[in-house]
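Trainee: The hints should help you fit chain B onto chain A, whose structure is shown.
What follows is the residue order along each chain.
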Amino acid sequence: MPEIVMREAIKMGLEEALENDPNVLILGEDIGAYGGAYAVTDGFLKKFGPERIKDTPISEATFIGTGIGAASAGLRPIIELMSISFSLVGFDQIVNMAANLRYMSGGQIHVPMVIRAPTGAGVQLAATHSQSVETWLAEVPGLYCVCPSNPKDALGLLRTSIKSNNPVIFAEPALLYGLKGDVPEDYYEIPLGSASVSKEGKDITLLSYGAGMSVINDTEKILSSKNISAEIIDLRSLNPIDYKTIGKSIKKTNHLLALDTARKNGGIMGEVVSNIQEDFNDWLDGPIIRVGAKDVPWPYNKNLEGAAYPSAENIVNTILEKLIKV
Amino acid sequence: MATLKQEKNNKTSKLTQVVDEKKEMLDLYKQMFLIRQFELACGENYTKGNIRGFLHLYIGQEATAVGSISCLNDQDYIVTHYRDHGHALARGLDVNRSMAELFGKASGLSKGKGGSMHLFDAGKKFMGGHAIVGGQFPLATGLALACQYKKTGGIVVCFFGDGSTNQGTYHETLNLASVWKLPILFILENNKYGMGSSIDRVRAGGEDFYTGANTYDIPAAQVDGMDVLAEKEATKIAVDKVRQNGGPFYLECKTFRFVGHSLADGQKYRKTDEIKEWEKKDPLTKFPEWILSAGIAKKTDLEKIHQEVNKNIEDAVNFAETSLEPKSSELYEDIYKID
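Protein sequences, first through last, are from chains A and B. Residue numbering for the first sequence is 1 to 326, as defined by the working numbering. Residue numbering for the second sequence is 1 to 339, as defined by the working numbering.
If you are wondering where the hints come from, they were derived from the structure by calculation, not from laboratory data.
With a straight-line cut-off of 20 angstroms between C-alpha atoms, the simulated SDA-like cross-links for lysine to any residue are:
id: 1; chain 1: B; residue 1: K181; chain 2: A; residue 2: E51
id: 2; chain 1: B; residue 1: K151; chain 2: A; residue 2: P50
id: 3; chain 1: B; residue 1: K337; chain 2: A; residue 2: P141
id: 4; chain 1: B; residue 1: K150; chain 2: A; residue 2: D21
id: 5; chain 1: B; residue 1: K280; chain 2: B; residue 2: R270
id: 6; chain 1: B; residue 1: K151; chain 2: A; residue 2: G49
id: 7; chain 1: B; residue 1: K337; chain 2: A; residue 2: V24
Ranges between beta-carbon positions, derived for each pair:
id: 8; chain 1: B; residue 1: V202; chain 2: A; residue 2: Y34; range: 35 to 45 angstroms
id: 9; chain 1: A; residue 1: K46; chain 2: B; residue 2: G206; range: 40 to 50 angstroms
id: 10; chain 1: B; residue 1: L40; chain 2: A; residue 2: D279; range: 51 to 61 angstroms
id: 11; chain 1: A; residue 1: E3; chain 2: B; residue 2: A204; range: 55 to 65 angstroms
id: 12; chain 1: A; residue 1: K322; chain 2: B; residue 2: V202; range: 49 to 59 angstroms
id: 13; chain 1: A; residue 1: E313; chain 2: B; residue 2: S328; range: 46 to 56 angstroms
All values derive from a computational prediction rather than experimental measurement. For glycine and all other residues, C-beta sits at the position ideal for the given N, C-alpha and C.
The shape of chain A in the complex, shown without the other chains (with noise of 0.2 angstroms):
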C-alpha cells in the first residue's frame, strides 16, 4: 500500500474519472494555468486539454450554476472552490438550484455535479476563509456531503461522489492537504453516507469528521495513556449520517463525545447528538459531550486562532471532569 498525500489522493480521483469518462469536466478558478491554488490539478491543462479544464472567471455563482447547467444537460461537471467559504457567494445556486431542480421537476432533472473546497481553519486564513460551511450545506435535502480525514478515504470518496447521480458537497481540510496516509492499490469506492470505526476501543466513543479526526486521534492517544480504551468513529459523510455506525458502537462503549472543528454553534454534531439522545439514550451512561469551535469569527493571530479551535488536552479534561472518573 503506497503511501500518499491526501493532495495526491484527490488529485489521482479526478485524473482517473477525466482518464475514464469523457463528460466529466473541471471548473474553477485557475485550476488550469495556475495549476490550482492547492495545486491539486497542477498538470491537469496540459493532458486533458482547455475543453475540459476550465478556468472560469471570478464568479462563483456563475461556475457553480453554469456546473448545475451542465450537469442537467447530461456532464458530470466537478466544480472547484478555492474556498468553501466562497460557497457563500454562490449559495443560492448550490441551495435552491442543485438541491432542488430534482424535487421541482418531479424527478425529471438531476445533477451530477461535484462540488470540491477546501474547508475550516488552523491555517491562519481569518474569518473570511476558515469557515466549515459544510455544516450549514448538510442540512439541505438534494445535496449529499461529505469531509474525508485521510488520504485513502479521500480517494474512495471522491470516486464515489464523481459517479453520484446527485449533487455533492466534497469538503476538504485545508489543513490535511499534506497529510500522508496509505492508499491500497486496488480498486475501491467508499459509499456515501458510511461513517467508519478507526480505532475499536470499549469505554467511550470518539466521534469527529475532517480535520477533527486529528484532534480526535491525539485525544485517544492521552485517553490511552490514562488507561481509558477510546472506540474512534470518523463521520465522512454528514449527509446522509450514518446513525447505525454510531449506535452500534455507543451500544458498546455507553458513552460519546462528538467533535467539530467547525463552531458549536449549529455545528452538524448539534444534529447527530440530538438524534442519538431520542434513539440510544437507554444506552448512554452518562451525559453526551459535545466539544466545537469557540462560537467567534475566526481570528488571524495564531494564538488567538488557537484558542478558538478544539484541542486534545481540553477535550481530555472535559471527560475526565463529566464522564469517566480515574
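Mentor: Positioned in the frame of chain A, the structure of chain B alone reads:
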C-alpha cells in the same frame, strides 16, 4: 451597433411579405390565444382557491414567447423566469398537465411539487421556470456549455425580465457566455417593471438595455415584443447568428403586462393611463385585426380557433380538478436519483 429595427429597414422585404402562409399565421394566433385563455382561467381558479401560492400571469406579453419560441428546434433548450406559463405553452408543453401542476395534482408536469413558478418538461428541453430572480442565468450557461461540449448543434434561449438585470448573475453570465462563446440567445422581456419598481427608479442607464450588451462584446438588438411577427423575425435572425457564430446574442423585447405582478398586486405603483396606452398594442387584438385586414384568414377561421382553444382550456381545468392529489409517499420521492 444597429438595432434590429434598423437591420430590418435595410432589407428590402416588408414584414408582411416575410411570412405569408395562412397556417403559420393562424398557428401563431392560436398559441397566443391559448396562453391568454389559459391565464384567464388561472386567474379565475386562483380566486376560487384551486390554485394557491404565487401566481404571475403573462397577459400582455404573449407575442414575445410565441414569436420567439416558434424559431427553435427540438434540440434547443429553454430556461425562463417565474412568469413561465406563456413560454411553457408556446414550447408545446401539455396544457392539461400544466394546469394540473398549478392545481398541485399528481398528474401535473412536476407531480404537483413545483407549482406555477416552476414548470418543467425535460423531454421538451424546457428546463424550468425559475423563481429566484436571475437564478436561471447560470443554468443557461451550463446548458449551453453542454451543447458546445457535445457539439449537439442546439442552442439555449434564456428568458429574463428587466428586474433581473440588476442581479450579479446577469452580468457574470453575459461575461462568461461571451468569453466562452456559448450558444445562448438572451431574451430580455422588458415589461418596464420589476414587480412594482419601474425601470427609472432602479436602473442607471436609461430605458434601453440592449446597448449594454456591447460591454460584453455581445451583438444585440431591440424589437417590439408586442408584435408577434417582428418578434419572430428578430428571433430568427438572432437564432441564426447564434447557430452560425456559436457565441451569444442579446435580444431586448419591449413588452408590457396588462395585469399586476401577481394576483396579490393592487398596482398602486402605476397609472391606469399607462396600462390603457399599452393595451392599444394588445397582440390578441392587433394581430387578428391584421390577419383579417390582410386577407390572410377569415373571421370564421378565428372563431374556429376560439372554440378549439376554449374547449382545450375547459378540458384542462376539468382534468386538473378531477386529477388525484399526490400520494403522501411522494413527499420523499425525487429528492435523490438512485446511484
